[in-house]
Amino acid sequence: MPEKDQIKKPQTDSPEEPVKVGVYTCYCGGNISDTVQCEAVAQQLKGLSNVMVSRTNMSMCSDAGQAIIEADIREHGLNRIVIGACAPSLHEKTFRKTVERAGLNPYLYQHVGIREQDSWVHHNQDHATEKAVRLMSAGIAKARLLDPLAPIELRAEKQALVIGGGVAGLRAAYDIARRGLKVALIEKEPFLGGRMAQLETVFPTGRPAREELDGLLSRVTTHPNISIYLQTELVEVKGYVGDFQIMLRQRSRGVAEGFAHTKAAIAACPVEVPDEFNFGRTTRKAIYQRYDGCYPSTPAIDWEHCTRCGECLKVSEQGINLEDNYVDVALQVGAIVVATGFRPYEPRHGEFGYGEFAEVVTLPELIRLMALQEEGQPLTVNNRPVRNAVLVHCVGSRQIDGIHEPQDDGLVNEYCSRVCCTATLHVANELRTRFPTLNVFDLYEDIRTYGRGHEEEYRHAGEQMVRFLRFDPEEMPEVVAAPEDDTSPLLVRVTDHLTWEEQLEIPADLVVLAVGMMPNPISDLIELLKVAQGTDRFLLEVHPKLRPVETAVPGVVLAGTAQGPMNIQESCAAAEAAAAKVAGLLGQGLVELEPFKALVNPDRCDGSGECAQVCAYEDAITIETMLVDGHEVRRAVVTPANCAGCGACVAVCPNRAIDIQGWTLDQYEAMVDAIAADIPGRMVEPVLEGAPA
Amino acid sequence: MTPDMQVDAMVVGGGIAGMQAALDLADQGYQVALVEREASIGGTMISLSKVFPTLDCCSCITTPKMSAVAHHENIQLLTYTNVTGIHQNGNGYVADVTVKPRYIDEALCTGCRQCEYACPVDFPNPFDANLGAVRGIRIPFSTAVPQMPVLDIENCLVCGKCLNVCPVDAIDLTQVPEQRQIQAESIVLATGFSTTPMDAKAEYGGGQYPNVISGLVMERLLAPTGPYGHVLRPSDGKEPASIAYVQCAGSRDETLGVPYCSRICCMYAIKQAMLLSGALPMADITIYYMDIRTFGKGYEQFYQNARAMGVEFVKGKVASIHEDEDHNPTVRVENMDGEPQIVEREHDLVVLSVGMIPRYDPHLIYDVAVATDGFVTTPSANISPCETTRPGVFVAGSAAGPMDIVDSIVMAGAAAAEAAAYIEAQHTMAPVAVGLEAVHA
Numbered sequence: 001m002p003e004k005d006q007i008k009k010p011q012t013d014s015p016e017e018p019v020k021v022g023v024y025t026c027y028c029g030g031n032i033s034d035t036v037q038c039e040a041v042a043q044q045l046k047g048l049s050n051v052m053v054s055r056t057n058m059s060m061c062s063d064a065g066q067a068i069i070e071a072d073i074r075e076h077g078l079n080r081i082v083i084g085a086c087a088p089s090l091h092e093k094t095f096r097k098t099v100e101r102a103g104l105n106p107y108l109y110q111h112v113g114i115r116e117q118d119s120w121v122h123h124n125q126d127h128a129t130e131k132a133v134r135l136m137s138a139g140i141a142k143a144r145l146l147d148p149l150a151p152i153e154l155r156a157e158k159q160a161l162v163i164g165g166g167v168a169g170l171r172a173a174y175d176i177a178r179r180g181l182k183v184a185l186i187e188k189e190p191f192l193g194g195r196m197a198q199l200e201t202v203f204p205t206g207r208p209a210r211e212e213l214d215g216l217l218s219r220v221t222t223h224p225n226i227s228i229y230l231q232t233e234l235v236e237v238k239g240y241v242g243d244f245q246i247m248l249r250q251r252s253r254g255v256a257e258g259f260a261h262t263k264a265a266i267a268a269c270p271v272e273v274p275d276e277f278n279f280g281r282t283t284r285k286a287i288y289q290r291y292d293g294c295y296p297s298t299p300a301i302d303w304e305h306c307t308r309c310g311e312c313l314k315v316s317e318q319g320i321n322l323e324d325n326y327v328d329v330a331l332q333v334g335a336i337v338v339a340t341g342f343r344p345y346e347p348r349h350g351e352f353g354y355g356e357f358a359e360v361v362t363l364p365e366l367i368r369l370m371a372l373q374e375e376g377q378p379l380t381v382n383n384r385p386v387r388n389a390v391l392v393h394c395v396g397s398r399q400i401d402g403i404h405e406p407q408d409d410g411l412v413n414e415y416c417s418r419v420c421c422t423a424t425l426h427v428a429n430e431l432r433t434r435f436p437t438l439n440v441f442d443l444y445e446d447i448r449t450y451g452r453g454h455e456e457e458y459r460h461a462g463e464q465m466v467r468f469l470r471f472d473p474e475e476m477p478e479v480v481a482a483p484e485d486d487t488s489p490l491l492v493r494v495t496d497h498l499t500w501e502e503q504l505e506i507p508a509d510l511v512v513l514a515v516g517m518m519p520n521p522i523s524d525l526i527e528l529l530k531v532a533q534g535t536d537r538f539l540l541e542v543h544p545k546l547r548p549v550e551t552a553v554p555g556v557v558l559a560g561t562a563q564g565p566m567n568i569q570e571s572c573a574a575a576e577a578a579a580a581k582v583a584g585l586l587g588q589g590l591v592e593l594e595p596f597k598a599l600v601n602p603d604r605c606d607g608s609g610e611c612a613q614v615c616a617y618e619d620a621i622t623i624e625t626m627l628v629d630g631h632e633v634r635r636a637v638v639t640p641a642n643c644a645g646c647g648a649c650v651a652v653c654p655n656r657a658i659d660i661q662g663w664t665l666d667q668y669e670a671m672v673d674a675i676a677a678d679i680p681g682r683m684v685e686p687v688l689e690g691a692p693a
Numbered sequence: 001m002t003p004d005m006q007v008d009a010m011v012v013g014g015g016i017a018g019m020q021a022a023l024d025l026a027d028q029g030y031q032v033a034l035v036e037r038e039a040s041i042g043g044t045m046i047s048l049s050k051v052f053p054t055l056d057c058c059s060c061i062t063t064p065k066m067s068a069v070a071h072h073e074n075i076q077l078l079t080y081t082n083v084t085g086i087h088q089n090g091n092g093y094v095a096d097v098t099v100k101p102r103y104i105d106e107a108l109c110t111g112c113r114q115c116e117y118a119c120p121v122d123f124p125n126p127f128d129a130n131l132g133a134v135r136g137i138r139i140p141f142s143t144a145v146p147q148m149p150v151l152d153i154e155n156c157l158v159c160g161k162c163l164n165v166c167p168v169d170a171i172d173l174t175q176v177p178e179q180r181q182i183q184a185e186s187i188v189l190a191t192g193f194s195t196t197p198m199d200a201k202a203e204y205g206g207g208q209y210p211n212v213i214s215g216l217v218m219e220r221l222l223a224p225t226g227p228y229g230h231v232l233r234p235s236d237g238k239e240p241a242s243i244a245y246v247q248c249a250g251s252r253d254e255t256l257g258v259p260y261c262s263r264i265c266c267m268y269a270i271k272q273a274m275l276l277s278g279a280l281p282m283a284d285i286t287i288y289y290m291d292i293r294t295f296g297k298g299y300e301q302f303y304q305n306a307r308a309m310g311v312e313f314v315k316g317k318v319a320s321i322h323e324d325e326d327h328n329p330t331v332r333v334e335n336m337d338g339e340p341q342i343v344e345r346e347h348d349l350v351v352l353s354v355g356m357i358p359r360y361d362p363h364l365i366y367d368v369a370v371a372t373d374g375f376v377t378t379p380s381a382n383i384s385p386c387e388t389t390r391p392g393v394f395v396a397g398s399a400a401g402p403m404d405i406v407d408s409i410v411m412a413g414a415a416a417a418e419a420a421a422y423i424e425a426q427h428t429m430a431p432v433a434v435g436l437e438a439v440h441a
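Residue numbers (my numbering), protein chains in the order written: chain A, 1 to 693; chain B, 1 to 441.
One or more hints might be untrue.
Computed, partial: chain B to chain A, Cβ under 7 Å [as the list claims (entries may be wrong)]:
| hint | residue |
| --- | --- |
| 1 | Thr2 |
| 2 | Ile61 |
| 3 | Met66 |
| 4 | Thr143 |
| 5 | Pro224 |
| 6 | Pro227 |
| 7 | Arg293 |
| 8 | Phe295 |
| 9 | Phe313 |
| 10 | Thr389 |
| 11 | Ala416 |
From chain B, some residues computed to sit far from chain A (all C-beta separations above 12 Å) [said to hold, decoys possible]:
| hint | residue |
| --- | --- |
| 12 | Thr44 |
| 13 | Thr54 |
| 14 | Ser59 |
| 15 | Ala107 |
| 16 | Gln114 |
| 17 | Pro126 |
| 18 | Glu154 |
| 19 | Asn155 |
| 20 | Ala283 |
| 21 | Asp284 |
| 22 | His327 |
| 23 | Asn328 |
| 24 | Tyr366 |
Note that these hints are calculated values from the structure, not bench results. Note that the Cβ used here is the ideal one computed from N, Cα and C, for glycine as well.
From just these sequences and the hints, can you work out the full model?
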């Protein structure tokens, strides 16, 4: 058989060694023991064959708990360990390390979930206890048949892909590069900087966003380990942690780097389109820079709007190419950082008058409006000076099913967007400072100025005479047109809970909706990377405390607001944490893969090829011709590194010739038998849901 | 003087942030010294019950990390050790540390606890908010790392019982503090937080009412390893039928010098309310609040679940608390919902959601700047949130301001990334001329 088919099997000291099982039932600090009678479980399991030791502990995963297991292995010569505890995703690896420390092969350990699968989902103590006994018995039955396995060790590519050129992606790229690893940073737009570039001053530093961003940008763009690919998307991903083979597709920019006639070419372009950087408040040309001082300074052609009229070419034949095409770039990377960011919630037409009245804008729109406003002039909206501005919090956040209209996917945004309260108050303060005669009304549910320096913004707003009114989410404020003869175009009606439900009408020249955050639409990427989304549509981490920046896909980590609402500081911290994970993963140049891979028994395989047909993973199973005893035969061959261990091949094999290591059919059968077996001295009669009493 | 230990990074503080920073550095192959002043690592987190928003038991998250720290080949753990000074040494640092005497020979002790069982001295257990009792010589708590007793010399009768029972003669009453030096390229400060004192607010009883307790005491009452094994009120051991939470009882309060939001209290109060609904299904639970700040991932849904479970939320800042002769506390509050009125409501137990203040002034060991709030200054708070005013010195977790566990863990990862990059930069730079002798001359 070719070498790549083989999973290295560590040798046990003596293959004939009798099976000695140690069984441990964890209380999980009450999480399990409040529902499952752990002592009774341990007592019952003691009677099963091969079980030498059966114990309980308040928390098996603690160092003291682990020490008990280690001591038992050494003292009683245990060679299989079964622990009933939380879900394996939490601590299976913890306990594998424990048994390894005691000299046992880590895969002779079987984890049984009796918390998520039992104590957390049942109330009846007797039933939950019996279920724990059955699940644990099944675990013991499987453990008896476990073979020692060894993880697959592979060379890791010392390069990472960072997806997204906003502040989180930039921060992650820089920190990975600083650790001596190569980085490919891709951004789908022609310019770096993301949403942060659209901000003016930022809390809590009070410094201009661009100034803070430029410091990071200059470090990233000059770092020798970072390659930047603009107008680039990820179109193909193959492989696995340590060795992802990716394909990038880069669209042409149309303008060569170092192009010397930027201003003249832009001036020459006759096309004017709404400038998305200013939310359509201004226009730009079809050859454009994102903003003054953007990176890169080389302009880009907007292919969707360019008419190929050639006016720019008249400015300079050199450096402009009006051919819109793509190049594909193949790369190998060891890890992927997803920093695809957020988009502001877009209010529905008519939500607080948005889209109906020109005076209703979102907070990001107001920030651009204020940036465009000439210094020393009053703030004007819709050609009218603003006297009263009304800010409304929680637009598109903290939505309640049944009260708020759902999004296209049928879900409401139940989550808090975290950033908007402080951002709104920061802008309120700026409004009061820059336009001292302007009255600011702030309509909120709860003010969530939680972070360091945030409460100061709130206090300052109070000192600056920003008027706060508190509404109840069940009685949302209304924005309506004011009567013709009113001084202001709009009226905002609100029931104020700070004044015991006083009904107020505020004449408004400007209504600002503090819109929440939604993840950027990245369904293609989610499909490519096979990462999971939470019910809030943001990307899901493995566990918020145990593995907060990792996804369930090994080697794919999260940075910034792709994971959930975060401010700049939090995005940067998450990005740096992601970089630390990538450095830990790739720094040594080696990665380990789990050994749970398909293995062919060549004596049973007849080369029917059904396994290869159902296999969803490229190059995981191939049918090869080989010589056996001088005869040419066809046999299935597995490349373990490409196998995901899904088991689809096992299900279709007509000869039972293929198995997943660590999860064999024999092991499954033993588990099923154990679950269905009579339990001696069982405590309760089975109850069928819905059966007549 | 030659340093006793040379490492790439020294992490000060063995709470969740310090442990995570140490692990993230060690996993990248760096040598780390983790220095903790208590006898066990675990920090504040190990004393908690369950943690939001997942409601995992706190041990499930903390103890495996403690274990990982203890067993990591790249981490050297120094517990019961104070950092007494940090000096710059070229681009790196040298730290003076004092290993406090445990009065135990660590090389001999097996952690069998015979000494603890034999000790005749009981005194209030600081780990259990002084509600339970603990021996004069003891392993600090059941999941402590290391599993090594410490003899509390202040409370020791020197009766010799422990000396007699110790099977390996590990008890050594002659131990004295030991001075050591650690040389490190980079330092991570993870010195954590403390809470505003209970006696700070006279309006709330000034810490004199037995049935007005802090949120951290409630954590111990709810913890499965807690002092009573049940939620009982301290004055008479009665099971409380009505429990109130007073939010911002030490935060957003200029009279205490704590004008900022402590960020964690809304979520811990809601979490405790949920746990209490399980532990005491018949109890009424009320949360008096100014603003509910459930801003993190999954937190708002957590809050809405608590409302749906019947926890009562009353918008209003509690003005004062007084108690009757049976120590039943009554809160006085202006109810903001419905008709304007000032109400007085009696409860069996009141929990003050005390705020977070810095645990430690790093000035004591090094002149890294702290801000007016007492937490470590982070001059590039947005782009480099872990940077301090000193190159190579980084900050993680609640040493840099109030922070919950989730955010502390992420920030610890960030600090590890910063420290790693700093260490790399030192390795690629020419050796610095300033030697140790020069620093200590």
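Practice problem: May I ask which of the numbered hints given earlier this structure violates, with the numbers listed in increasing order? | Solution: 1, 6, 9, 10, 13 and 14
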